[in-house]
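Enquirer: These are the residues of each chain, in order.
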Amino acid sequence: MATAAASLRYFPSSLRKRSPGDASGGLVKLSHRRALSAARVAAPSREAEPVASLGDLTRVEFPILHQEFDGAKLVYFDNGATSQKPNIVMKTLDEYYRSYNSNVHRGIHVLSAKATEAYEGARTKVANFVNAADSREIVFTRNATEAINLVAYSWGLSNLKQGDEIVLTVAEHHSAIVPWQFVSQKTGATLKYVGLTKEEVPDIEQFKGLLSNKTKIVVVHHVSNVLGSMLPIEDIVTWSNRVGAKVLVDACQSVPHMPVDVQKLGADFLVASSHKMCGPTGVGFLHGKLDILSSMEPFLGGGEMIADVFQDKSTYAEPPSRFEAGTPAIGEAIGLGAAIDYLSQIGMQKIHEYEKELATYLYESLISVPNVRIYGPAPCKTDHRAPLCSFNVENVHPTDIAEILDLQHGVAIRSGHHCAQILHRTLGINASARASLHFYNTKEEVDVFVHALKSSIDFLTSEL
Amino acid sequence: MATAAASLRYFPSSLRKRSPGDASGGLVKLSHRRALSAARVAAPSREAEPVASLGDLTRVEFPILHQEFDGAKLVYFDNGATSQKPNIVMKTLDEYYRSYNSNVHRGIHVLSAKATEAYEGARTKVANFVNAADSREIVFTRNATEAINLVAYSWGLSNLKQGDEIVLTVAEHHSAIVPWQFVSQKTGATLKYVGLTKEEVPDIEQFKGLLSNKTKIVVVHHVSNVLGSMLPIEDIVTWSNRVGAKVLVDACQSVPHMPVDVQKLGADFLVASSHKMCGPTGVGFLHGKLDILSSMEPFLGGGEMIADVFQDKSTYAEPPSRFEAGTPAIGEAIGLGAAIDYLSQIGMQKIHEYEKELATYLYESLISVPNVRIYGPAPCKTDHRAPLCSFNVENVHPTDIAEILDLQVCCVLPVAKYCSHSLILAPCSFIWIE
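So the sequence lines, in the order shown, correspond to chains A and B. Per UniProt numbering, numbering of the first sequence is gapless, rising by one per residue and ending at 464. Per UniProt numbering, numbering of the second sequence is gapless, rising by one per residue and ending at 434.
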């Protein structure tokens, strides 16, 4: 097992300075990169095989993927941070702003009617996508982070008090943790964390042990953005409900990658972000059971979320308007609707099946590289592993790996704590590199990545 | 003076159902509309004059304005609700998503570097546009509403207590009022409202009288979205500072229409929305003096706004990151930057001068219509009137007016509820429509 990544950075980021098409390209001579590129072309590729993969078929609709950097095709493996967008999303956004941009809900005129219909239509699309019982259960926010804050401020501050407990796992994203730290500081409720098993998944037995009648809410990821593992949400909901606790699910890494059915999962709250599911930035959503949303105080105050306003007090709209103050991200929500249409016409189950293949291929290819340590459960030890791997290479800083992969090979991955510092500390590391895939990636790209990784490691370790 | 608008609606909205290009058009026969259209063409038009107005020159860049509904050109007069976007904004948004979409701030790879540069570049553009002393004084939000909530939750809840007073005017937008009602309910601070003079502008003398050492914050509009009037912000800041009160300015209706200099105004906080200034929906901003932002607790918690996260507590980033939790509206902020470039190359002073002409022309034309009652000060009674008119017509429900205007002549106006009356707002921007 590789030791913690070396803390000494070999490759200072001050040396980087390039952009697409920049011929100077960084530290490595152009001839070296072209040689690598030629080597990839010479290797047997899947294109010779008769059946095109889902990645092969869909990537043509993602214009950003067809870029080259110094002769090297972009390999975009940072989908855990944000996804790329199909043509139809840009077309939809463009059409909105060019032909019916207008404020919603309050207008009489034809543009406003059309904008309102499209915006509320997007809400319905989101509701159908996650099989919500009612489209009023979908509240648009900026992103999943704001959605979690909405629950923390609006439900948490009104329902938690000293002595109550909030249960999370050490693998949660900062956006699922920090709002509940605020709630804890303001109410006196305490945070309890579920640790990891030796397979590096949250310890379900420990979780069950932590539940008690003091537990008021459980905040968990569906799929981990670092470990690639999936939690048994339906069971978690069952166990939590037995002690009277609510459940909030961070579905940022599941909604874009598999069918998610909120009624089946049974959680009280579920959040996701548009930009991770092939939609625009600037919009995300909270799904909340209607009876709970109806009982919640507003969060942000202002236009749209009121019924009547008097000098000293106001009355508020019903959900979801109660939680959507001010002019919404209208164009962006409509763009998200187009992304959902796109994903739906492929089919989330089909995407999920393909990504499971990619996940196994990525893991097995990566683990074959000497001195690589991958975090989270091996595919053989779990019935679900997301198509992402967070990893370290012995004696090489992950940021150096990411830099060389980018500069020399056109491969985009991420390095750092991935908004999961607590998890990294639990794993005994400061940082990791992460390759995260989506349905428009291919096994060929995985081959390019692994080849590039080996070269990068050679480059970095030979210079030391 | 017209009485309050008749409460009986003549024209139920259930009868409306149309969309661009729908030839059935609603209740009025097509021939009537075409006659109106022909009458407009026959009337002397500005196109005959040798000098094209700013509206004539700029409208070509706004594709949405070149639509027709049953042969009638769109007359878009709902800019107080949202503005239209020039081509460059759509082009910029499209380019972002097609060629360098990536998450910002934490990425190593070239796309992330480019996205980060453009996003932070947009922040600098906003800072320069309002002449902020430092780009760290600009916090991106969804809209002005969220920006006001940020101040209310982060500054208000920590700095106000029982006995303190928050001063507003009766002309404030709901987004400037409701967050402070929350603060009042949670802290015990009370809200004090400045009323109107008979010229229908906020009563400055009453305002001065309301200020005391109990006043902790003053929340006021720069330009009223209903009355069209402008408040003397620099004076308000001077008077407020004397009693130790902070000032938050709602600049939604000023930033898009005139040069706004936050250093000159001197307010502690100023908010605006991108979608009202020719930029995309989904982004807005708070300007806050750096020392104040630095002293403020975070509002939304999560990724990006932290320095270190431990199980029981976290440490936070410096402003502005402290107030930008989660993945931002990256494309939209970059689009706002393009809108600012567009406005700047025209020049906000030029826009302002043109809109003052429009404002007077609109007012005088409208007031000549029998039985029309316009709210707010007449242009001759104020040195600034925004190019908007909120009005009522005696014995006619404003919603009926707005419906017929839309259905018959494709003139789009909003209808708003203001106190217990309904009235029509006819705000327009520098894009002149014949």
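It should be emphasised that the hints constitute simulated quantities derived from the structure, not laboratory data. Predicted model, so just to flag it, every value in this text is computed and none were measured. Heads up, a few of these hints could be off.
Which chain B residues face chain A? A few, computed with CB under 10 Å, are given here [claimed, not checked]:
hint, residue
1, SER83
2, ASN87
3, ARG142
4, GLY326
5, TYR342
6, SER344
Facing chain A, according to a computed beta carbon distance under 7 Å, are these residues of chain B, among others [stated by the list, open to error]:
hint, residue
7, GLN311
8, THR315
9, ALA317
10, ALA402
Below 35 Å or equal to it, Euclidean Cα-Cα: the simulated DSBU-like pairs (lysine-lysine) are [what the hints assert, rightly or not]:
hint, chain 1, residue 1, chain 2, residue 2
11, A, LYS114, B, LYS91
12, A, LYS186, B, LYS161
13, A, LYS356, A, LYS454
14, B, LYS186, A, LYS289
15, B, LYS356, A, LYS192
16, A, LYS161, B, LYS186
17, A, LYS350, A, LYS289
18, A, LYS91, B, LYS91
19, B, LYS73, A, LYS161
20, B, LYS161, A, LYS214
21, A, LYS313, B, LYS350
22, A, LYS313, B, LYS91
23, B, LYS114, B, LYS208
24, A, LYS125, B, LYS73
25, B, LYS186, A, LYS313
26, A, LYS313, B, LYS73
27, A, LYS208, B, LYS313
28, B, LYS186, A, LYS114
29, A, LYS114, B, LYS350
30, B, LYS356, A, LYS114
31, B, LYS186, B, LYS73
32, A, LYS114, B, LYS381
33, B, LYS381, A, LYS443
34, B, LYS114, A, LYS313
35, B, LYS192, A, LYS381
36, A, LYS186, B, LYS91
37, B, LYS289, B, LYS114
38, B, LYS91, B, LYS73
Glycine residues also receive a C-beta, built at the ideal position from the N, C-alpha and C atoms.
Enquirer: Taking the hints in turn, state whether each one holds.
Expert: Now for the hints, and whether the structure bears them out:
no.: 1; hint: SER83; in the structure: holds, 9 Å
no.: 2; hint: ASN87; in the structure: holds, 8 Å
no.: 3; hint: ARG142; in the structure: holds, 5 Å
no.: 4; hint: GLY326; in the structure: holds, 3 Å
no.: 5; hint: TYR342; in the structure: violated, 13 Å
no.: 6; hint: SER344; in the structure: violated, 20 Å
no.: 7; hint: GLN311; in the structure: holds, 6 Å
no.: 8; hint: THR315; in the structure: violated, 11 Å
no.: 9; hint: ALA317; in the structure: violated, 11 Å
no.: 10; hint: ALA402; in the structure: holds, 4 Å
no.: 11; hint: A:LYS114 / B:LYS91; in the structure: holds, 22 Å
no.: 12; hint: A:LYS186 / B:LYS161; in the structure: holds, 16 Å
no.: 13; hint: A:LYS356 / A:LYS454; in the structure: holds, 24 Å
no.: 14; hint: B:LYS186 / A:LYS289; in the structure: holds, 27 Å
no.: 15; hint: B:LYS356 / A:LYS192; in the structure: violated, 61 Å
no.: 16; hint: A:LYS161 / B:LYS186; in the structure: holds, 16 Å
no.: 17; hint: A:LYS350 / A:LYS289; in the structure: holds, 28 Å
no.: 18; hint: A:LYS91 / B:LYS91; in the structure: holds, 11 Å
no.: 19; hint: B:LYS73 / A:LYS161; in the structure: violated, 59 Å
no.: 20; hint: B:LYS161 / A:LYS214; in the structure: holds, 32 Å
no.: 21; hint: A:LYS313 / B:LYS350; in the structure: violated, 41 Å
no.: 22; hint: A:LYS313 / B:LYS91; in the structure: violated, 44 Å
no.: 23; hint: B:LYS114 / B:LYS208; in the structure: violated, 49 Å
no.: 24; hint: A:LYS125 / B:LYS73; in the structure: holds, 33 Å
no.: 25; hint: B:LYS186 / A:LYS313; in the structure: holds, 12 Å
no.: 26; hint: A:LYS313 / B:LYS73; in the structure: violated, 43 Å
no.: 27; hint: A:LYS208 / B:LYS313; in the structure: holds, 24 Å
no.: 28; hint: B:LYS186 / A:LYS114; in the structure: violated, 39 Å
no.: 29; hint: A:LYS114 / B:LYS350; in the structure: holds, 33 Å
no.: 30; hint: B:LYS356 / A:LYS114; in the structure: holds, 31 Å
no.: 31; hint: B:LYS186 / B:LYS73; in the structure: violated, 50 Å
no.: 32; hint: A:LYS114 / B:LYS381; in the structure: violated, 39 Å
no.: 33; hint: B:LYS381 / A:LYS443; in the structure: violated, 72 Å
no.: 34; hint: B:LYS114 / A:LYS313; in the structure: violated, 46 Å
no.: 35; hint: B:LYS192 / A:LYS381; in the structure: violated, 64 Å
no.: 36; hint: A:LYS186 / B:LYS91; in the structure: violated, 45 Å
no.: 37; hint: B:LYS289 / B:LYS114; in the structure: holds, 28 Å
no.: 38; hint: B:LYS91 / B:LYS73; in the structure: holds, 24 Å
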